[in-house]
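Required output: the full structure, derived from the provided sequences and hints.
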Amino acid sequence: MADETVLRLDGVRKLFGATAAVDDASLEITRGEIFTLLGPSGCGKTTTLRLVAGLERPDGGEITLRGRVVASVAPRVFVPPHKRNLGMVFQSYAIWPHMTVRENVAYPLELRGERRATIAPKVKRVLDLVGLAGLEERPATLLSGGQMQRLALCRALVYEPDLLLLDEPFSNLDAKLREQMRVELKVLQRRLGVTVLFVTHDQIEALSLSDRLGVMHRGRIEQVGPPRHLYEHPGSPFVRDFLGQTVVLRGTVDTPEPDMITVKMAGGLTGRILAGRAAAATTLASGAEVQVAIRPEDIVVGAGDGASPGRYSLPGLIEALLFVGDRYEVRVALGGEHRILLLLPRTREWREGQRVELSFPPDLVSVWPA
Amino acid sequence: MASVSPAIAREAPRRIDAETVLCTAVLGVVAFSVVFPVALVVLQSFQVAPPGQPAAYGLDGWRAAFAEPGLRAALVNTLTVTFARQLLSLPLAIFIAWLLARTDLPGGRWLEFAFWAAFFLPPLTVTLSWILLLDPEYGLINTALAWLPGVGKGPFNIYSFWGIVWVHVITGSLTVKVILLTPAFRNMNAAFEEASKVAGASTLRTALRITVPIMAPVILSVLLLGTMVSLQTFEVEQVLGIPFRFFVFSTTIYDLLVTRVPRYDAATALAVIVLAAMLPIVFVQQWMTRGRRYTTVTGQFRNTPHALGAWRTPALLFMLVVVAVVLGIPVVFAGLGTFMKLFGFFHVKEPWTLQNWATVLTDDLFLSSLRNTVVLAVGTAVAAVMVHSLIAYIAVRTRYAGRRALDFISWLPFTVPGVILGLALLWLFLGVAILRPLYGTMALLVIAGLISGMPLGVQIIKSALMQLGGELEEASRIAGASWWATYRRIVLRLMAPTLVAVGMITFVGAARNIGNIALLATSANRPLSILQLDFIAQKKFEEAVVVACIIMVISLVGALVARLLGVRAL
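Going line by line, the protein sequences match chains A and B.
Oh and the first sequence: position 139 is 139 in the numbering used here, straight run, nothing missing.
Count along the second sequence from 1, add 1000, and you get the number used in the numbering used here.
Hints in this document: simulated from the structure, not taken from any laboratory.
Any given hint could be a false lead.
Chain B side only, calculated, beta carbon under 7 Å to chain A, not exhaustive [stated by the list, open to error]:
1) Glu1194
2) Leu1472
3) Glu1474
Owing to the predicted nature of the structure, the values given are computational and were not obtained by experimental measurement.
The C-beta atom is built at its ideal place from N, Cα and C for all residues, glycine as well.
Dropping the structure here:
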């Protein structure tokens, strides 16, 4: 049972007018994992979630929940939301304002025909779980933002749904509370073992919470994998640039060895050479225009006395130096035309106007077709 | 673990089809009760056979209609009254809305509420009050002016073109514009005006050059709405116009039908002409408000009021005079009128008496009418809450293909003048055999009230539903509730105050409704609103004003309750 598939999407499409909000989306979520759909607003991630929930009907493809087809175009199947046994936390929490905390949580149990006697202990247990015990009789409108979110979570978990859907649940919280709820949610999920489909545009949330994540772009799921894999081995320029920061420089291929491509830099950096591995599924010929990409934190910054430039390095000039407490934020000019933002440790002294030497470790550099 | 069999899953689409069937049924019933009767009127205008004979169609009715000199006069009078009403009320309403919304005029909220209350005054009650003041012979203002040297006889006559226009301006035209324009003015970003002032413009220049032009689309939209509303009236002309043989289209239709030999051909032809004239207004109004209808300006901006400075006191005095004219005088004089021995005669010896109340309250006719009004108003309100909320829900929340059509049709009665709707329903209930037994029953009047209250009721519920947000319902669906359980346990509970408010407004509308039901009421189902009209026709003004006063109290209490329940604008 360890690898049981809870949710499967096969080529799901959803059209709004002529545009495809979700285009040929396929994915599988296995029992007990947190799967995140990450993407900018309008990429179709929320629509995908609503398709799973049954709040939208697909225009193509098939959605299967625990082996049962819940939505399909041919043959025509559509299971309405209330028969899917899902839990969902909405962006606005959607706490019913005319009910108390207890009534909000008891509602789904009542609809499942449970007796009063069994409802009460279940409500108590789930409220205990998130620290809302003692607030049972409080009107839902008198809760704080964080409490509302916990209540929404309780209401979605109390009937042990097959899959918990989270639609940007942290976006209405302030930064501090958001961090706290993130940790709480992960701990809670690990304790209960509930399967989670999580939708967010915040890459930090996505990277920190997910077991696996899928990056969506223009209705398509561009890449699926564990967070670290996606961060280190992005499959497309979009995934690369959307997840974290990237420094991108231009050049032409010098030697196209499969595991180590060397690139001649152009413009003000002419004469310098960088090396890296080819990005996923690309073959590059000698002389081809390419992009050289690296995470800024992977660049090694050394004092640029000009004495002995490293083999794969570029000269830079500190244009602006911002001390932000735990580190420096530094803008460095490269060969007059590129400007990149780096984070430097405060263990060394830096000053504006200082020359520096930037080393690009070849195993952390990727080379992309321009 | 997957315990649900595919067979159950396969059943699902049929449930959605049931939803579609329900929506289509609602659309069908609403279309049948709104569009079909009007279509019947159009058809009837080409019907030339006498009643009881097999139908035959031709243009005789239209020829007769055009040959009738009264018809042309009625159309001209309708146009000139409408035009004069809008011309007088629009600039005044813009000025008042600007004062209420954009300046530091003291007591703005109370003044706005006064206009809201004035909007709910029954026109007939207001008319009777102003007769006391402006009757050419004994009107208080006229007799007071007659004391002045050089003024032989009081100069005012309410039984005149300008008398009718005056009563219209202070009953409907002005108040409806003020309560529609004030929120719109208030939602305008003050930065536009501040930029103008910084550029060197005075308050007045800013108002004329910046505020009014920016608000021009809203103002035009309100003007079109006001024009449609002004075509609704019937009772003011019926009371003030008949004495000097002044007819507008609605009183003409009534006159043509309530005689010994009803002239259905001419009446229906006239109705068709008026409906055709409404069409361009309807389309322009719809086109202008499309896509913008509910997007009130929100977001982050400040609304700093203009300082009126030295003009503050004159402006306040001006507003108090206006409120006295539209609200104070009608309420006070309608009350006073009920205690007069001889309606309007203040100078007779011992003019006051309680006899009118005693007479009316013990009159069997009054008691049966009161009973009818209670049944009518309660029945209409209950039916309206159910029907209008269903229509609003389908229009806002479902993906039903015909929801826009339903929305539009529910708004159409607004554009059909009351007397014409009454005529259409009369035709429907006399013409369709299975509906004929309903003629003369309260059910017919309830249906008329339901249809005429539909535009406003549906709009109010729609805007409340839109503020509610769909996630509260979606959360319920996902928690395991069916569509019906969600509607019952979430939507209805949350909408309760709005629904009660709509019920109150419909209750008031049904209690004071005249134009819609004047042609439908019989002696068996006559409510108070028609009774007062009958009293006036019999020159029993003392009894009429008592009934008018009762209807006014019902209206004001209903308006107040609706306001307290949170209905702020129309």
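Do the hints match the structure? See the list:
Among the interface hints, the one on glutamate 1194 of chain B is violated; its C-beta lies about 32 Å from the nearest C-beta in chain A, farther than the 7 Å criterion. Satisfaction of the interface hint for leucine 1472 of chain B is found here, the shortest Cβ-Cβ separation to chain A being roughly 5 Å, below the 7 Å cut-off. Among the interface hints, the one on glutamate 1474 of chain B holds; its C-beta lies about 5 Å from the nearest C-beta in chain A, closer than the 7 Å criterion.
The structure is inconsistent with hint 1 alone, although it conforms to all the rest.
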